[in-house]
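*Asks:* Residue numbers (our numbering), protein chains in the order written: chain A, 65 to 403; chain B, 22 to 294; chain C, 4 to 328.
Hints may be right or wrong, so weigh each one.
As the list claims (entries may be wrong) - What follows is a set of in silico ranges between Cβ atoms, one per label pair, in the way DEER data are often shown:
no., chain 1, residue 1, chain 2, residue 2, range
1, B, Asn-151, A, Pro-172, 46 to 56 Å
2, C, Ala-218, A, Met-174, 24 to 34 Å
3, C, Arg-37, A, Gly-116, 53 to 63 Å
4, A, Lys-155, C, Val-31, 44 to 54 Å
5, A, Lys-374, B, Trp-122, 39 to 49 Å
6, C, Ala-218, A, Lys-237, 24 to 34 Å
7, C, Pro-40, B, Glu-255, 30 to 40 Å
Keep in mind that the hints were calculated from the coordinates and are not lab data. Backbone N, C-alpha and C define an ideal beta-carbon position, used for all residues, glycine too.
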Amino acid sequence: MSERSDLLSARGLVKRFKSRSLLRGGTTTIALDHVDFDVHPGEVVALIGESGSGKTTLGKVVTRLHSLDEGSVLFEGEDLFAVDRGQLREKRRAFQMVFQNQSANLHPKMSVRQMLDESLRLHRPNLDEDGRRAHADELLERVGLLPRAEQRPASLSGGEKRRAGLARILATKPKLIVADEPTSGLDAAIKLQIIDLLKQLKGEKLTYLLISHDLGLVRRIADRVLVMLKGRIIEEVPAALLGQTQFHHPYTGRLMRAADLARDRRRPPRERRDPPRVTRPDEAEARGGCVYSPDCALAERLGILSRCRKERPPPQVVGENHWIACFGAPSELAEEDDA
Amino acid sequence: MGDKHLRAGLIASGTVVALVLLVGIISPFVPYDPAEAVNYDQQLQPPSMAHIFGTDGQGRDVAMRVLKGTEAFFLPGLFAAALATLLGALSGAVAGYAEGWLRTGVIGTMQLIDTLPRLVYIILVCTILNPSIYLIAFVAAILFVPSIATVIRRRVEALGSEDYILAHVAHGFRPVRILLYHILWLQCRPMLIRQATYVFGYVLFVEVALSYLGDYGMQEPLPSWGNMVAQTRELGGAGIWPWAFPAVAIVLTISAFLAFGNLLARADEEEVR
Amino acid sequence: MSRAARLAIAALRRAAGGLLLLVGATFVIYITIRSAPGDAIDAISPMGTPPDVKARLMAEFGLDRDPFTGYLAWLVRSLTGDFGESLVFSPGAPVMEVALPAFGRTLLLSASALVVCLILAVLASLLLGESSRRQQLLTGPLYVATAAPSFVVAVVFAQVVNWAVNVYLVQNDYVPPMWYPIPIYTESLMPYVFAGFALIAGDGLFMDFFNAVRAELTALRNAQFIAAVKAKGARTVGHIARNMFMPLLSGYAARLPIVLGGVVIVEYIFTLDGGGYLLLEASRERDFPVVVGISVLFTATIIGMNLLADIVRAVIDPREVAHGG
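In isolation and in its complexed conformation, chain A is listed as follows:
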């Protein structure tokens, strides 16, 4: 799919969650359904989609925090699921994850400086104590947290916790950062600060896999956008085209409209819901077909619903670096936008 060399390349990822219940028997949820994608060095790839679409699971799989049922994850050409544990730990410093939960990146009993020091001790073994201190100061300066260095997470604000988490991640000099909702739960001003920080770091040759349903954030810093639905990637689109093109997957169009609606009406955040849940008619024929088909007005209008329910649509190229997984592509999509 790409001519450039890949930093991260995922092929055919499948992840199922099984819940065990002695009396009712196990139920299986498909979190990732044959997902392929690449991340090139220096770019920012955004994963968008509603809650439960499998974004976070994907993030945790490519950083090998979850196991994988099928497929492979190549990081710099090496299969992360094939290396042994020692090598994996060595590799981990090159790809780091920022967790969605603000407190999740920090140990509640350690001050920011202690955490950085511990991190540097692990990842820069040749630094002495003074060297570590100096380097920690530098990192804290970069994220603007120097005055709060001796604080524990409990006395940091949400934005400060994010910065502290970022500082620690930067200590490993990562090549790839998987950032899961880096701005969720922050108020507008702090959000902008974090976005600026991320942008600034992007300038320093960092690669991001950004997981977010904050379209504002995505438009600001992403290069490429992957849209996820029910464990599948259904569209890849350049960030500049997001919301600007007619050739969106029907589901992406709906996602855009929901976001616009929420913004325009200035509703209080509580009511700003994700688009209503999609899929059922038996999980789109037990997932043999398009997972959006039961909700898809386009398929109904085009009269291809029966096909959509039975076959999984392959990617259809609709523009430069832009494809959608939809049988209705490409020309008919324009009408859906007006509907």
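Got chain A sorted already, so can you dock chains B and C onto it with the hints?
*Replies:* Relative to the frame of chain A, chains B and C by itself:
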């Protein structure tokens, strides 16, 4: 419980704990010959300047015997507390982290030890081996491992699914370091101190009980708080000082240790909030 | 599957687990016997035991075989209730004939102490009401007073009463009323009452119950469903009682080992003819078969109580079966 009460409780119980530790440390350096201490001219004296806790039926200074009586349980108690805490923390961590047969095996073993009635089993061991107080302390420590391991295992299991622990894995720390440092040392320490004070209190109880019963504990004329309390049997109500002070010492020490451990754990919980 | 069937299966599984634990625990006891230094038979028989009795003991405890087959032989004999014969305490009598009645009295004493303790704890929490101030003021002194080992409480108790009445408790000529259920060997009821109160006040038992009841009551008073029940105009007492019962039940099972530890020495202090007293006397006289028999009885009781608590919990709370499996 409010902050003020918490601190007051900590100071009160901490003072007693510190006092017991101090006495336990200096006691071996205080010379005492129980045979020489006997003085039949001074039987059953009430407390005075010369004998602040009075004297017992053989005219021995009760305060001195209370002080020397700490030797019977002090080091064995510390030893058992350290051993039980160490083993409990490790087996709890292993059971909480491991999966499959290792986890099942550790949990099963813990359940097995936990079904043994503690004091009854100790008396059984005494009957067979007539052991030293250190062996008794060792057995007591083993009997306490399951309750510590269960507490730690639950904590490890709960923390294992916390994002910040996952973040440490993602950051590249070794699982051993995460388990021992980030979970056990940083998060379970107050809990472990609490369990350790409990074990110490239990060893004190067992030593005192066995010495009271007379067959397996400290034997007269060597002093133990237990055999001092047992003097009630010979005194027949004649004097209160010989047994009242050691009885108070037992009650105060055990309750102070338990309260100190509990309050410390609670203070830690409230600090995080 | 019907609920009754699921319950039965869950109960059977737990019972099987309990049996397995009992086998394991008896193995630990047996290994302890085998760990005696030198000739095990000398460690477990009284001085001057005639050779033929020694030989019988060897055979009974399987000491002439390797630990595993020896254990199996001993286990099979024990499972039929045959723990050998008493050597000193009541020479020639089967161990269980001596131990069971005494142990029954111990159980009765412990169970009554637990029940009375619960009643007192409920009364105390109701009397103290919701005022946290009064409770806080009392907590410290109560804590000190009830963290005392039960046997120290018992000694002090006996001394104080003795001093006040100037009569030795155990030599008193009190005749129990006809309705009193405990078959009393020492001719007095009072020592049992005192022993019971020593058990309640000692080992932190009352404090634990008091705290548990108080916490449950506070939680339930604040619980939403109670507010809903109140809003409907119904009485809340029944709901509170039912919802308080479950947590306390598991508390019972957890505290039984503590009570059974305390009862050993308390019985000894009041010379009550129970299992604990028998254990200590037999240990002193080196009447080894009796010591082992009683140890097994204590262990089996703890396992049985845990099992019972599990099953009762499952019956009361349907979720237990559904999730606990």
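*Asks:* Are the hints correct? Go through all of them and say.
*Replies:* Checked hints:
1. The given range of 46 to 56 Å is respected by Asn-151(B) and Pro-172(A), whose C-beta atoms sit roughly 50 Å from each other.
2. The given range of 24 to 34 Å is respected by Ala-218(C) and Met-174(A), whose C-beta atoms sit roughly 32 Å from each other.
3. Range check, Arg-37(C) to Gly-116(A): about 59 Å between beta-carbon atoms, so the 53 to 63 Å window is met.
4. Checked against the hint of 44 to 54 Å, the C-beta distance between Lys-155(A) and Val-31(C) comes to roughly 47 Å, which is consistent with it.
5. Between Lys-374(A) and Trp-122(B) the CB atoms are about 45 Å apart, so this pair conforms to the stated range of 39 to 49 Å.
6. Under the hint 24 to 34 Å, the C-beta atoms of Ala-218(C) and Lys-237(A), about 51 Å apart, miss the expected range.
7. Checked against the given bound of 30 to 40 Å, the beta carbons of Pro-40(C) and Glu-255(B), roughly 34 Å apart, stay inside it.
Checked against the numbered hints given earlier, this structure breaks only hint 6.
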